[in-house]
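In case you want the letters, here they are:
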Amino acid sequence: MHNLLNVNNLQIAFRKRKKSIKVVNGVDFGISKGEIVGIVGESGCGKSVTSLSIMRLFHDTSGEVVGGTIQFKEKDLLELSEREMRRIRGKEIAMIFQEPMTSLNPVMKIGKQLIQGIMLHLGLNREEAKQQAVEMLKLVGIPRAESIMNEYPHQLSGGMRQRVMIAIAMSCEPELLIADEPTTALDVTIQAQILQLMKKIQRERGTAILLITHDLGVVAESCDRVVVMYAGRVVEEATVEELFESPLHPYTQGLIESVPKIGNRKEELYSIPGHVPNPEAMPNGCKFASRCPYVMDICREREPQLVSNNNGRKQRCWLHQSIKEEERKTIG
Amino acid sequence: MIRSKKIMGAFLIVLLALVLTACSTTRSSSDSGGAASSDKKDKDINIAVNQDFTTLDPHNVSDTLSISATHAIYEGLVGFDKDMKIQPVLATDYKISDDGLTYTFHLRKNVKFQDGSSFNAEAVKANFDRIQSSKDALIASHYLQYLKSVKIVDDHTIQLILNQPFSAMLNKLTMVEMISPKALKDQGDKIGMHPVGTGPFEFVKWNQGESLILKKNPNYWDKGYPKVDQITYKSVPENGSRVDMLKTGEADFIYPLPEQSVQALKTQNDITVDQTTSNIVRYVTLNTNKKPFNDKKVRQAMNYALDKNAYIKVVKSGFGSELDSTMAPSTQFYSKQKVYNYDLSKAKELMKEAGYAKGFTAEIWGDTDSATMKGMQFIQQQMARINIKLKIKAMEQGTLSDAINTPKSPDDAKVQMWYVSWSPSSGDADGATRGLFSSAAFPPNGSNTAYYKNGEVDKLIDKANQTTDVEKQKSMYATIQKDIYNDAPWLFLGVDTNLSAHVNKLKGVYVLPDGSIQVKEAELQ
Amino acid sequence: MKKYIVKRILGIIPLLFVVSFLIFLFIHLVPGDPARLIAGKDADLQQINAIKHQLHLDEPLYKQYIDYMNNLFHGNLGESIKSKVPVSELIGERIVPSLELSLLSIAWAMVIGVLIGIISAIFKNRWPDNIGMITAVSGISLPNFWLGLVMIQIFSVKLGLLPTGGIETWKGYLMPSIALGAGIMAMIARFTRSSLVQTLKEDFIRTGRSRGYSGLTIVFGHALRSSLIPVVTVAGLQFGFLLGGSIVVETVFSFPGMGRLLINSIQMRDYPVVQAELMLFSFEFILVNLIVDLLYGFLNPKIRYD
Amino acid sequence: MSETMTVSKQQIASKRGTLSTFWHDFRQRKVAFISFLFFVLLVILAVIGPYIVPFNPQTPDYNHVLQGMSQKHWAGTDEYGRDVLSRLIAGTRISLGIGISSVLIGAMAGTILGLVSGYFGKWVDKTIMRICDVLFAFPDILLAIGIVAILGPGLKNVIFAVAFFSVPSFARMVRGKTLEVKEMLFIEAEKSIGAKTNRIIFRHIFPETIPIIIVYLTMQVGTAILAAASLSFLGLGASPSSPDWGAMLSMSRDYIGTAFNLVFFPGLAIFLTVLSLNNLGDGLRDILDPKIKD
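Protein chains in written order, with full-length UniProt numbering: chain G, 1 to 332; chain S, 1 to 525; chain B, 1 to 306; chain F, 1 to 294.
Among the hints, a few may not be true.
[What the hints assert, rightly or not] Computed list of lysine-lysine pairs in DSS-like fashion (alpha-carbon distance at most 25 Å, straight line): (1) K84/B to K91/G; (2) K16/G to K201/B; (3) K135/S to K84/B; (4) K73/G to K314/G.
[Claimed, not checked] Partner residues are not named here, just some residues of chain B that face chain S (Cβ under 8 Å, in silico): (5) G11; (6) D44; (7) L261.
It should be emphasised that the hints constitute simulated quantities derived from the structure, not laboratory data. Ideal placement from N, C-alpha and C gives every residue a C-beta, glycine not left out.
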């Protein structure tokens, strides 16, 4: 059990032409206070949907949580009313998104965008909220904090905007910050700066961070623990060190293989062959079977469970568990 | 953002307030019994008419509606009574010399213009001078084309001397109304906007396109008149709206009253519908210069094929009478002819004789007025019975007038059939004949769109004009009408009935046969 | 900003030049002879020619155009051929009611249209959306003279609440403004809806939600302003059209506006009045466009004028 | 060669997919779908109308004029004793015909102008757009009056007049879309291969503008029907004797106080038709315009 957030057996479905399609099917992970946890996976693996479900931001889409629990501190977020949920959003859990260019309101001044949330959640008056806002902008390393308050988003560079997004997210001092691909849209040098900034915030403020990314490099640089997702399932979970040293799941191995390494002058970068299965036609058995180099007969027949060893490391692969193990678990 | 929100807020509040006041005010006004005629006083009347006034210059007015207004403000030496009989007005009497060339008028004394200046022989001469010196540019100069000179005999006697005898001179003089010479000098061209005459009503205000307000002339020479304080003419082009205004009390008198609304008004106890004779004749000209209309048999066949009763019933909603001559019964020297009674077999027979048993196709032209379009449809339906297929071409009046008048010679003319009406504004036989049937009046010179040419008729028209013997004139015009009617250059349709309606308490407002509204005797009871 | 406005206004002048030429060409291309229309049915050719001469209509076209432009430069719009009233006076009398009616129409159309648009966007594809859109679209689907005639039957004749026409009291403006505004309301509602639906899908809306704002705050505080940008364009364009007056509605309600003046002048081929009115329309239209552009800048900070 | 083959096959497959998705999405939108069904009904009426009318719509019966609604004449008879219902049915063809043909003509001219303007840019664009501005500034009805006055009255010229003032809006819209599409990569690629301008415009840009044109076309037909009715109001419409709804409405409006059915039914027919076209257009736009699509 983690002491901040526990996601258990989360199942999310989207409605498409009256059919319900499960895109997330049994996701379990947790975050403790002050921890940085990464969720990695290819696009479409359900990692963003998972993060949105924590915030319950399926508004205006046909997405719906159809099973599982999301325990945040003492509350199950899925049980809260919309009004109660609004008090959590932005105040206790904040979120930053991939696209800094479009995630800020283009027709509202930066200052106003910051102040609005601060006034709403912290109950400060306008002056105090302004103070807090400027402080936040300084915290995220924006040099001319005061003058930027009066500028519009389009006047800032992408990196600056993501800093502003972080400032906005941090402005009510949340306990959990969900960052959905925060650096994907940025230049490499800026990426590093933003990741540095997030680590700094975690260090200084003790904010737990859930970092959603497809980029193992980002994970390696900033996370404590990593959850690897594939086709709507968690396939492996480990500390960063363990994961990079000895990845258990063939998918994780493939992912690590495909990260460009400095000094590696191979002609072509490795990429995992094949495609992610279509969620509308999920195969039985292990969802990675069709792409797995070590595929066995059983893999095509039965899906392995997510199994944990003693030190909290988890995997979902027949290579590392036997049917007995599974049965034992089911019995126990 | 804050600012725009505030603006938005203010906007919403203003709107809300507007809506609220609208609701509350409507309520209060319905309490007091109707929204209409808010500040109208007891002796004010409202007249709703169908067009906008164009000018109030009596010497330069050509539309009947504006003539109605100039008749209220101005007077001529002579004028028409209710039955279009000529009566002396600003003249007390007149004498025409035996050779028909000298007209002597004795002027009414103690008449003042509305600006206080006196009406006398000087003033009359100034008016005639104005018209003649315009070198044809003023419309009234048309009425004075045979006038040679004007002679002041004394302060209250004036003589008009003509080039040649002109039988319709007195009729034309009804259209020459007297403007205050002082105002003429002050206003010049702008007299049309600031009229000053001797009539029962003086000008107050003219809101272009909306209303014309006249008030009582307190110094009017005919004591006892006028009996109302103010008249407001309102321009209400939509037929239905005019009727509605009468129902709601926004108007006391409406003209024209669309025929199809008469039935609806009959159930209203407080409203009276008036029918007065009219000298407006409705017909379709047939271009006698063009095949197949050059064949008299075809033209007569078409006339026989036309069910005049159905025409009056359907197109005129039962109001009007069939046209049994070339002019209306109220026109001078009218003589009734034997009508082409509806007879389909005879019509078919004639068509066969003319070699058109299978009929032909032709175009019928007309303006875009809804009454005209209705009439054209009717003709189309009727002519279909003798296999004549008509194509209706409704043209906006400017276009239509160009289409008719552009051709320089009869052979270039494109017009085949034209659905139109005519009313001689001075009520004389010449005005109802010369411009329509004289071969000198082919477009663009006149309105003979039938391109009717009959040497005998041409001669008689000129002769009748120059003779002073009324009996002779009468017989000449009888011949003219008989010849023309027999030649059938027109489809003879009908004579209008002028329809107007008024609230019962209003008396004394009536419509003359030419369609002008007379208000001098208006009275509220 | 100032420089931009000056530049734009200066840019209008050559455009107006072209427009004036086109208008002149247009109205002289349309068949019809003012002299004949003035002279009336009794007139003969001699008289018509005399009137033509008096009005300088017998001069070659290019000379008429030069005279017209010359007068225009001296601020003289000429006088009505028919009534001899100075054109400026004629238009002056009509423009105020027309302007008032336009403002009233656009105001209610804007408010109601935006409200319906917002409700429809929020409840997209659900019943409030369907009802809102059908209501709005009804406004654009009615022949407006039919709407006017029916309204008169109900509100004036049956209920006696409103005058059938005229503008003696402010009540005379109500029905015409409804007849005129209905279509605009519909357009604005539709644009607001689609624009707001689009905006509500923007990332920054998700940001707003992730910060715990309520739905109303999101819609009114965040989405509406950027959604209104295209709406303002539509409203501006429609306002431009409104200023030109509506021949049909003005006729039904006997409203003394620009539209009726125009149709009457066209019917009489009263060239100076038609020319002046069309010039004014073009000018108003261009001016409204300029104002819309400026408003655009106010709503959309990305736009800078230089 | 084989590569292009596969590509085109894929395209066809994806197109078929889009069509069925489209149909599915369309059925979901009830208002639009019902409107569509109504429109189909109208089109059927327009085709078979003249054969199923209970009475001849043109034959007058002077003995039965201005009758109210009855078992025999469901919508009453008009001032010439013609059956109003029959006229309405027979008039479907004319009214729809005016609306559709005028908009098609306007759309065609506008699309070509818009494509040319957007593709070539520079002075071509400026000239075309300025002309459109001027046309925009002219009151619609005035243009129509002018055109009808110059060309003379008649159905053809009414269609032309109405078409004329839908040109600038189509031109503007297509131009905007063209500018968008032009920037897209594949056009650049096509250009570098050396394709002809004609080919680029009509094979590549034009297909991209079709959805938005269809949407606009649908709504514009309604507007055109209304515009034609306004022209009828001014007496400049189609022939007054034809059972065109606008003409019927305009010719009967003097009867509003006496025979309300004469005014009401043509008005209703216009209203329902335009309403359904607008709703249909709105629905299509929701589906076809990717910016609004789910």
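Given a cut of 8 Å on the nearest C-beta pair, is the interface hint for G11/B held or broken against chain S? Constraint on G11/B not satisfied, violated at 28 Å.
Using 8 Å as the Cβ threshold, decide whether L261/B counts as touching chain S. Cβ of L261/B sits 6 Å from chain S, so the hint holds.
Given the hinted pair K135/S and K84/B, is their Cα-Cα distance within 25 Å? holds, 18 Å
Double-check D44/B for me: the hint is only fine if its C-beta lies closer than 8 Å to a C-beta in chain S. holds, 6 Å
Check the hint pairing K73/G with K314/G against an upper bound of 25 Å on the C-alpha distance. holds, 23 Å
Satisfaction of hint between K201/B and K16/G, Cα-Cα up to 25 Å: Satisfied, since the Cα-Cα distance of roughly 18 Å is no more than 25 Å.
Does the alpha-carbon distance linking K84/B and K91/G stay inside the 25 Å limit? violated, 75 Å
In this structure, the hints that do not hold are numbers 1 and 5, in rising order.
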